[in-house]
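Asks: Spelled out from the first residue to the last, the chains are:
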Amino acid sequence: MKNLSKNYRLRRNIGFVIIAVILIWAIFTFLVYPNLSLLRITLFPDGTFDVAPVIQILSSDRVLTALKNSFILAVSLTITVNILGIFQIFVLDYYEIKGNKWLNIAYHSPLICNGMVLVTAYNFIFGSQGFLTANLMELFPNMDPYWFRGFGAVLIEMTFAGTSNHIMFVRDSLKNIDYQTIEAAENMGVKGRRILTKVVLPVLKPSIFAASILTFIVGVSAFATPQVLGGEEFETINPLVRSFSRTLTTRNYAAVLALLLGIITILVLVITNHIEKKGNYVSISKVKTPLKKTKIQNPVLRWIVTVAAHIIALIQTVPLLFVFIFSFMTAGDLYAGEMNIKNFTLNNYLMVINSTTGLRPVLTSMVYSGLSAVLVVGFMLVIARIITKYNNKLTGTLELFLQIPWFLPVTLIALGLIMTFDRPNILTFGLTLTGTVYIMLIGYIIIRLPYTLRMIKAAYAGIDNSLEEAAKNLGASTVKTYIKVIFPIIWPEVLSVFLLNFIQQLSEYNVSVFLFHPMFQPLGVMLNVATGADSTPESQMMSFVYSVIIMVVSIVIISFVYGRKSATLKKRQ
Amino acid sequence: MKGKKVFAVSLTTFLAATALFGCGNSGNTQTEQTELNMEEVLSKDPTGEKIVVATNNAANGRDVWLLENAQAAGFNIEIVQLGGGDVTARVISEVNNPTINVVWGPSEDQFTSMIDAGALVKFEPDWAEEVAGASEENGYSWPYEIQPKVLVCNPDVYTEETAPKRWSDLWEKEEFHGKYAVPTSFDGNTNRAVIGGILGRYLDENGDLGVSDEGWDAIQQYFDNGYKTPDGEDDFGNMASGKVPITFTFASGLKDKCESFDIDPLIIYTEEGEPTNTNQIGVVANSNQELVEESMRFANWLGSTDVIGAYAQENGNMVTNSAAEDSMVPIIREVKENYKPADVDWTYINSMMDEWVAKIQLEIY
Numbered sequence: 001m002k003n004l005s006k007n008y009r010l011r012r013n014i015g016f017v018i019i020a021v022i023l024i025w026a027i028f029t030f031l032v033y034p035n036l037s038l039l040r041i042t043l044f045p046d047g048t049f050d051v052a053p054v055i056q057i058l059s060s061d062r063v064l065t066a067l068k069n070s071f072i073l074a075v076s077l078t079i080t081v082n083i084l085g086i087f088q089i090f091v092l093d094y095y096e097i098k099g100n101k102w103l104n105i106a107y108h109s110p111l112i113c114n115g116m117v118l119v120t121a122y123n124f125i126f127g128s129q130g131f132l133t134a135n136l137m138e139l140f141p142n143m144d145p146y147w148f149r150g151f152g153a154v155l156i157e158m159t160f161a162g163t164s165n166h167i168m169f170v171r172d173s174l175k176n177i178d179y180q181t182i183e184a185a186e187n188m189g190v191k192g193r194r195i196l197t198k199v200v201l202p203v204l205k206p207s208i209f210a211a212s213i214l215t216f217i218v219g220v221s222a223f224a225t226p227q228v229l230g231g232e233e234f235e236t237i238n239p240l241v242r243s244f245s246r247t248l249t250t251r252n253y254a255a256v257l258a259l260l261l262g263i264i265t266i267l268v269l270v271i272t273n274h275i276e277k278k279g280n281y282v283s284i285s286k287v288k289t290p291l292k293k294t295k296i297q298n299p300v301l302r303w304i305v306t307v308a309a310h311i312i313a314l315i316q317t318v319p320l321l322f323v324f325i326f327s328f329m330t331a332g333d334l335y336a337g338e339m340n341i342k343n344f345t346l347n348n349y350l351m352v353i354n355s356t357t358g359l360r361p362v363l364t365s366m367v368y369s370g371l372s373a374v375l376v377v378g379f380m381l382v383i384a385r386i387i388t389k390y391n392n393k394l395t396g397t398l399e400l401f402l403q404i405p406w407f408l409p410v411t412l413i414a415l416g417l418i419m420t421f422d423r424p425n426i427l428t429f430g431l432t433l434t435g436t437v438y439i440m441l442i443g444y445i446i447i448r449l450p451y452t453l454r455m456i457k458a459a460y461a462g463i464d465n466s467l468e469e470a471a472k473n474l475g476a477s478t479v480k481t482y483i484k485v486i487f488p489i490i491w492p493e494v495l496s497v498f499l500l501n502f503i504q505q506l507s508e509y510n511v512s513v514f515l516f517h518p519m520f521q522p523l524g525v526m527l528n529v530a531t532g533a534d535s536t537p538e539s540q541m542m543s544f545v546y547s548v549i550i551m552v553v554s555i556v557i558i559s560f561v562y563g564r565k566s567a568t569l570k571k572r573q
Numbered sequence: 001m002k003g004k005k006v007f008a009v010s011l012t013t014f015l016a017a018t019a020l021f022g023c024g025n026s027g028n029t030q031t032e033q034t035e036l037n038m039e040e041v042l043s044k045d046p047t048g049e050k051i052v053v054a055t056n057n058a059a060n061g062r063d064v065w066l067l068e069n070a071q072a073a074g075f076n077i078e079i080v081q082l083g084g085g086d087v088t089a090r091v092i093s094e095v096n097n098p099t100i101n102v103v104w105g106p107s108e109d110q111f112t113s114m115i116d117a118g119a120l121v122k123f124e125p126d127w128a129e130e131v132a133g134a135s136e137e138n139g140y141s142w143p144y145e146i147q148p149k150v151l152v153c154n155p156d157v158y159t160e161e162t163a164p165k166r167w168s169d170l171w172e173k174e175e176f177h178g179k180y181a182v183p184t185s186f187d188g189n190t191n192r193a194v195i196g197g198i199l200g201r202y203l204d205e206n207g208d209l210g211v212s213d214e215g216w217d218a219i220q221q222y223f224d225n226g227y228k229t230p231d232g233e234d235d236f237g238n239m240a241s242g243k244v245p246i247t248f249t250f251a252s253g254l255k256d257k258c259e260s261f262d263i264d265p266l267i268i269y270t271e272e273g274e275p276t277n278t279n280q281i282g283v284v285a286n287s288n289q290e291l292v293e294e295s296m297r298f299a300n301w302l303g304s305t306d307v308i309g310a311y312a313q314e315n316g317n318m319v320t321n322s323a324a325e326d327s328m329v330p331i332i333r334e335v336k337e338n339y340k341p342a343d344v345d346w347t348y349i350n351s352m353m354d355e356w357v358a359k360i361q362l363e364i365y
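Protein sequence lines correspond, in order, to chains Z and A. Numbering-wise, the first sequence is residues 1 to 573 according to my numbering. Numbering-wise, the second sequence is residues 1 to 365 according to my numbering.
Read the hints as simulated data drawn from the structure, not as lab findings. All C-beta atoms in this analysis are idealised placements derived from N, C-alpha and C, irrespective of residue type, glycine included. Hints should not be assumed to be uniformly reliable.
[Said to hold, decoys possible] Some chain A residues close to chain Z (C-beta under 7 Å, calculated; not the full set):
| # | residue |
| --- | --- |
| 1 | G133 |
| 2 | D354 |
| 3 | E363 |
Input sequences plus hints: build the corresponding full structure.
Replies: So this is what it looks like as structure tokens:
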């Protein structure tokens with residue numbers, strides 16, 4: 001019966017066919033074809049597969065250790081980020097904790113800082129010549145200046161920088177819990193902790209699940225943090241992949257390593273997809289009562305939680321404050337670990353403003369990030385809807401294709417695009433894309449596909465099917481049901497995905513460096529040129545200025561979007 | 001299911017279409033360059049057509065200097081700042097549809113890869129004779145700057161007598177173990193030249209990747225006994241503070257780095273000579289002939305005696321243009337008088353460098 005009605009709808013729905021054709025075209029043209037051609041050129045240079053790099057890679061102790069480390073990091077990070085993230089959202093929304101407003105701002109703060117700059121800031125505070133280390137050394141002259149290095153340091157930095165998905169998404173599902181269910185449980189005599197584990201956490205499951213997968217991916221592909229804080233003791237695989245992908249003759253090493261990493265990641269994803277499908281979701285309520293905060297009854301416990309909450313807030317905000325301070329310092333002072341306020345200068349800012357590009361990169365990055373974030377969210381709203389509604393092999397394949405950007409180094413994705421579309425191509429209706437302003441936009445969209453798909457899918461998963469059916473029974477068309485019923489429910493999540501995509505792309509470098517149009521240089525490229533291998537200490541100081549600019553832009557956008565988001569949430573309640 | 005059919009049919013159509021048209025279209029869109037009359041091209045005034053100059057020489061306000069002077073000379077340029085490796089990779093991958101017109105700053109081996117990819121056009125500047133002998137002539141790219149990599153020591157820690165005399169002293173003499181900084185990344189020209197300078201002494205046809213076992217052992221010792229400067233420390237800063245009193249730098253970095261860390265280091269002129277390359281300028285091939293000619297005029301202007309001299313005076317470069325040598329700053333003039341280029345086969349070294357670096361990263365580092 002169900003199948004019949006589905007078939008009927010399909011036949012009627014020309015829109016669906018058009019969407020299918022466009023989808024297949026877009027995915028084949030921009031995702032499959034360029035990457036396959038690049039892999040072919042890279043791995044089959046003379047038409048045959050060259051096994052030498054595989055053997056060389058597999059016989060390198062350094063590579064094997066790095067691979068192992070990447071997975072240790074990914075697993076540990078998934079655990080620590082979940083613990084910290086869930087603690088944070090409970091502090092914000094579930095328990096009554098003093099200083100809520102400040103904590104809310106602090107817990108959002110890692111969002112606004114570029115990953116590379118954040119870890120650099122950590123290093124200038126805790127590193128061998130960092131400010132904290134220098135001060136500690138005066139107290140304890142025998143301490144090891146390299147105390148903040150290796151696995152522990154990497155895990156700590158990435159954990160405190162990595163809870164944004166919890167703060168943005170898991171938190172939304174916590175807010176969506178119908179307080180009546182908690183009251184009902186209480187009335188039945190269920191106590192505080194059991195309410196947590198039996199009522200609250202199950203509702204959070206889909207979003208925690210999505211956040212865990214994303215955290216795992218972040219861990220596996222970690223680049224900046226292990227590079228800076230890992231030291232020789234803890235090397236991960238991605239810095240090697242990146243380094244190999246940048247020179248022509250070693251690109252095959254990068255491809256082999258990436259494929260190796262990709263296979264393992266696919267395995268993890270397939271397993272989790274399987275678990276996810278089996279999962280049963282508790283829908284959000286139709287007429288819900290907003291969550292009321294609980295007071296922690298035990299005073300000692302309350303005190304401990306409050307102190308911990310504020311310490312976390314400090315750990316997350318202090319490095320950003322330092323980035324701000326660094327932007328006024330001279331290179332000599334910074335590297336000497338000396339903070340002489342009388343040496344503070346606006347020179348770094350003047351250097352940025354007076355440069356020939358001036359503040360143009362800010363505008364360029366805002367436009368590209370904004371456009372790509374809107375477009376990728378728009379596409380995924382459609383695709384994730386199809387995937388969640390029609391759960392079959394076809395949509396499973398579609399989903400796998402859309403995750404390609406997670407398995408390939410972004411450098412290779414950018415090269416694939418640039419080399420495929422550097423001449424008129426039938427797939428692009430005879431247009432040449434390389435060298436145009438469009439190709440970077442396409443690149444930006446591609447690299448955000450997997451993440452956006454995951455998040456929007458999780459948002460759809462929280463919707464009660466009966467809502468939709470009710471609307472249909474009342475005579476609403478599919479489109480109308482979607483616009484009037486479904487879309488408003490997921491709107492807050494959609495805004496969050498947009499926001500995260502936007503902020504991430506503001507400082508994007510790996511794709512940008514190959515795809516940007518010479519007249520429109522993005523911030524990420526400016527930032528990296530300032531810190532590159534051939535740069536001088538003075539020019540490195542400019543990276544802090546660009547970071548401050550990125551932070552300011554991010555804050556403005558976040559407050560704007562959050563204003564809208566809370567307005568919507570209020571209206572709904 | 002209907003959906004499946006739609007999917008299958010569309011997919012087949014696309015695959016077929018790509019097979020038919022997508023792959024057959026691989027011809028280079030550049031037309032073969034007709035022999036230009038250089039004198040005629042260069043003698044014309046700038047047309048003011050917008051040209052894109054990609055360079056790794058625009059940091060620290062140098063972009064402003066370049067833009068102002070180019071505008072005063074009648075050129076309309078857009079400066080794109082990119083690292084040498086990034087410029088090279090980009091120019092090569094854009095060979096069929098270039099966005100960059102002039103490349104200023106990468107080293108000769110990077111230019112060699114661009115030339116091999118067919119990305120550049122032949123041209124000869126007015127100042128070709130003044131820079132003759134600085135590097136092997138290829139007809140495409142021209143050296144404007146010599147870039148020896150010199151060992152520098154903290155003068156409070158070492159004197160000329162106690163400092164290393166040769167690069168190999170670093171790992172062969174125990175007193176220097178842990179006292180010198182080694183490369184920690186492998187994409188910069190300086191680091192690659194230092195590696196080339198070491199391995200280039202052990203070339204052996206029968207050895208692994210053209211290097212004898214002894215050579216691989218030497219580079220292993222070099223890395224094992226050196227200090228891998230972590231992020232957050234600066235090798236030059238460590239040298240200045242005495243923490244790791246020996247490091248190396250590219251010559252044109254001396255002026256800025258010495259000013260940043262307020263030090264007058266002891267510069268070592270080693271017995272075997274300094275790993276040296278040149279930085280060059282070249283014009284990217286383009287189907288727009290007027291753009292190419294304007295780009296040539298710009299490259300010609302930038303390398304000319306007065307312009308490159310003024311640039312060197314401001315930024316501490318070691319110029320190739322013999323007529324501009326007087327403009328060099330004192331420390332660079334001193335280096336130029338004292339250093340000798342390491343006598344190794346750079347053409348071969350550069351051709352092997354990517355593979356050497358891969359081996360070092362996989363097995364040695």
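Asks: All the hints need checking, so say for each whether the structure fits it.
Replies: Each hint, compared with the structure:
Interface hint status for G133 (chain A): violated, as the beta-carbon distance to the closest one in chain Z is roughly 25 Å, over 7 Å. Because the beta carbon of D354 (chain A) sits about 4 Å from the nearest beta carbon in chain Z, less than 7 Å, this interface hint is met. The criterion of a C-beta within 7 Å of any C-beta in chain Z is met by E363 (chain A), whose closest approach is roughly 6 Å, and the hint holds.
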